[in-house]
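For this one, chain A is given, so just place chains P and W on it according to the hints.
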Amino acid sequence: MANSGSRDLILQRIREGLKTQVPVPPPMSDEAVIFPPVEDPMARFQQECKANLMELTLTNDAGASAQQIAGILSSLPEGEIYVQDAPFLRQLMQTVATVRTVHWSSEGAPRESAQATISLAEALVAQTGSVFVTAACGGRGISVVAPCHIVFATTSQLVPDLKTALGSATRKGILHNNSFACMISGSSRTADIEKILVQGAHGPVRLAVVLQAGN
Amino acid sequence: MSTGTTPKPGQGAPTPQNAEAHDTGRSAASNARGNLSNAQRFLLDAAEKSVDMVHREIIRKGMDSYDVAHAKGRTRFAFWDAARQRCQEIKREAVNHLDQYLLEFEKNVIAHGGHVFWAATSEEACQYIADLAVKHSVKTVVKSKSMVTEEIHLAGALEKVGCTVWETDLGEYIVQLRNEGPYHIVTPAMHLNRKQIGDLFRDKFDEPNLSDDPQELVAAARRKLRKAFFAAEMGISGANFLVADAGCIAISTNEGNGRLSTGVPRIHVAVTGIEKMIPKLEDLATLWPVLATSGTGQPITTYGSLIGGPRRPGEADGPEEFHVVLVDNGRSSLLASKEEREVLHCIRCGACLNICPVFRHIGGHSYGTPYPGPIGSVLVPRLEGEKFEHLSSASTLCGACTSVCPVKIDLHHHLLENRRDFTEAGHVSAGERFQFKMFKTAMVNPSLYKVGGWFMRKSLRLLYSLGLSGSVLDPLRPWNKGRSTIPLAKQSFRAIWKKELDHGE
Amino acid sequence: MSRKVALFVPCFVDQLLPQVAVDTVTVLRRVGCEVNYFEDQTCCGQPAFNSGFWSESRPCAEHFVSVFKDAEYIVSPSGSCTTMVRNFYPELLKESDALADAREVGQRTFELSEFLVKIMGVTKVGARFPHTVTYHASCHGLRELHLRDEPLQLLRGVEGLKLVDMLRYDECCGFGGTFATKFADISVAMGTSKADNIAVTGAEYVTAIDPSCLMHVQGVLGKRKDKAKTIHLASILASEGKPA
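Sequence order for the protein chains is A, P and W.
Going by the numbering used here, the first sequence opens with residue 1, and the numbers climb by one from there.
Going by the numbering used here, the second sequence opens with residue 1001, and the numbers climb by one from there.
Going by the numbering used here, the third sequence opens with residue 2001, and the numbers climb by one from there.
Same shape as in the complex, but just chain A:
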């Protein structure tokens, strides 16, 4: 290993230091309630998305979803869009009425000039109104490069809380099969100027979720 000198030194220092015994009180019970339980995930998700200033639309079928996506795209300035290359999205995009050029994630990274991106998600989290994406959802840039990020998801993907989402991610080995994942809870923002909240910093200014009933 290139850096074995310092590595060994640091490990040795740590082990020496840890020889000191420190009192460790018994841990809190696993059953201890930290967050109030999420009674109605769908209602909670809607509530949190609103607070996060996300655009959430519920649809009943692929036709309605396609229409919703087309509607969002038509509201954006001219320019190409970048879409995750997944069979479902290939199918869906055939029915979305748009004249825009579509670049697929299989062709490479999103271009800086893309007006919107469309991706699937790994999961949705009701507790915080979050969209959990991974590199498998079209890569990293897809959820941050363009001013508008559209997520297509189904209600079966909704989980109540972060604990469930992260537990599931661990069991599935998400971070061993993807170099990247991200819990997204709104569009980019900053309060660095006088602590005043400004929507749209370096990432998208709009995050839209099209949530279709079913699987």
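Keep in mind that the hints were calculated from the coordinates and are not lab data.
Derived SDA-like pairs (lysine to any residue); straight-line CA-CA distance at most 20 Å:
no.	chain 1	residue 1	chain 2	residue 2
1	W	K2182	P	V1428
2	W	K2004	P	L1501
3	A	K195	P	V1054
4	W	K2124	W	R2003
5	W	K2223	P	R1461
6	P	K1498	W	F2012
7	W	K2182	P	S1484
8	W	K2094	P	D1421
9	W	K2094	P	L1416
10	P	K1437	W	T2181
11	A	K163	P	Q1085
12	P	K1490	P	F1455
13	P	K1408	A	P27
14	W	K2094	A	Q21
15	P	K1227	A	V205
16	A	K50	P	A1069
17	A	K195	P	R1178
18	P	K1224	P	L1210
To spell it out: a stretch of chain A is covered by chain P in this simulated footprint if at least three of its residues, at any positions, have a beta carbon under 8 Å from a beta carbon of chain P; those stretches are:
no.	region
19	19-31
20	109-120
21	123-136
22	139-145
23	166-172
24	183-192
25	197-205
Backbone N, C-alpha and C define an ideal beta-carbon position, used for all residues, glycine too.
Chains P and W in isolation, oriented as in the chain A frame:
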């Protein structure tokens, strides 16, 4: 500094000549004085900020809005104190088995195709990263916020090898343009109002028509920085947490600059203290909301990024190389101390800075280190030694910090322990040592104490009757400079007791 | 029920602010306590302790313990001094022969308001103080002794007293012991913020359970010639209206 077509951050970027960038946020008085000790500079800077009412008002407004947001944020928890306790347990487990978890983390990152570099000192860390930059002909670096990179003076090291370094966190970018260090670990530019930022941007960006509207200012910064994100060959980030079982770093951000800095350039280097370890991915279910609540009052930050390696085959994009630089720089020395080990539990949320009344009055720059406020006053003297020990004394020990720390670090008692250790190591003036020896002598001898007290009152009364209160002869001069004199009682209580109150009970 | 109280008078109260201790005696006697004052007491040792001079503080603490060893109740009109004895003596005297006695003494040491409310069980002590008063929560009392309500309960039991809330009543006033002189500029700045918050209430008096806070705040108020005056809780409680 590189020339050519890559964009520059503007004239104010920190140069190797003033590598201690945080010094330049210090007062004009202390900057002008040159050869002062850190303690002397601290006193001057604190004195100047203490009477700066514009500064006080800006900070007060900022902290008031934080207080409201934080109180609201706590209501999202069934039991806020249970959340704190859980976070304390997570960090205690991680730090108490730090070697084991670091090795698990390293193994996983390497399996993902990443590199892990162990840096015993800041120099080693900077050398590694600079060498990497040279090897890959890096000309432009984009940086998202990382206090560790301030601690090790990384920007200066990269500039020495010809890189232009862009701070992309808006607050950090603003202070970089002003040639200052960050004022606060979470909101680096909170000491500035929109007009000051507007003036700065109008000047540095050469956009005289830019207004002071925060939305316009943010858009202007976005325009400038976007070019840098897409031109940079290397992106540098910190890490809020190192996740052992998943073998990834976790970064909590809002702006998207962290996402772009770590996602677009070919090389991503994550610089982190070794103590940022947590055992499991699931631990973030508590830590993410607690960090966000404590830092800004948010339920969770907009982006919770998890990065475990370079882009994998089949992924659409991502860096080709991923390096994690684990920095020790004195941290491991705290493990051996039964009392001080828990200081390594800090998750750098900034809550202690926000509540500290000393911080609110002197501001972040007065401390002269990237880690101001209570946690800085506890940690920096331990890491950097004697020249910062005065920070541990610059506190009333009010305990507000301890009451808000989300991982329940006993901060104000650590300040006391610091004072004890530095005194016992002999780092006190002969004058002070003499004073307390006299103090002890008087206090264990009731007769001596009585006479001493009487003498003190008599001589002060004489001094004041001669109009010498506040003069160089006045032993209470530091008191009397800013306060009216303490009225000197004619009799001590014990005299009154003897005469009037003793009922022989 | 008559309790035997040994008065614990902070050294600077003894020398500079004796009225606080006089008023403490008045109040304790009025609620039926037998009050005694052990003349050999000097200082609890906190100034040395807080500055890191634990070797110099230790003998002071041992002296204190020997003076108060046999007292039934030890009561002090000072949250910070009480904190020193109850919370810090066990740490300071960890290696000392006096440790066991120190623990004992600590358990029997109380700040005045906690003694009245928790031990004597009273919130009305026959006081009359017809003025507007605002309360400053001294840090040691609040965060080390966990006294949040007791002083307020006693203030509400005072006839004629109008209690007004202060913004940031629990923010440190800036005294901090030797901090007040070592870092005088910061100390005064914090004091002026406190004085501003007091002024906004329009109160005639500001009170607290710690005479050190009040000494410092009075210094700032006096320098600015502000309207409000400081008064210790004991002095308010010792005030009586005209007898019927």
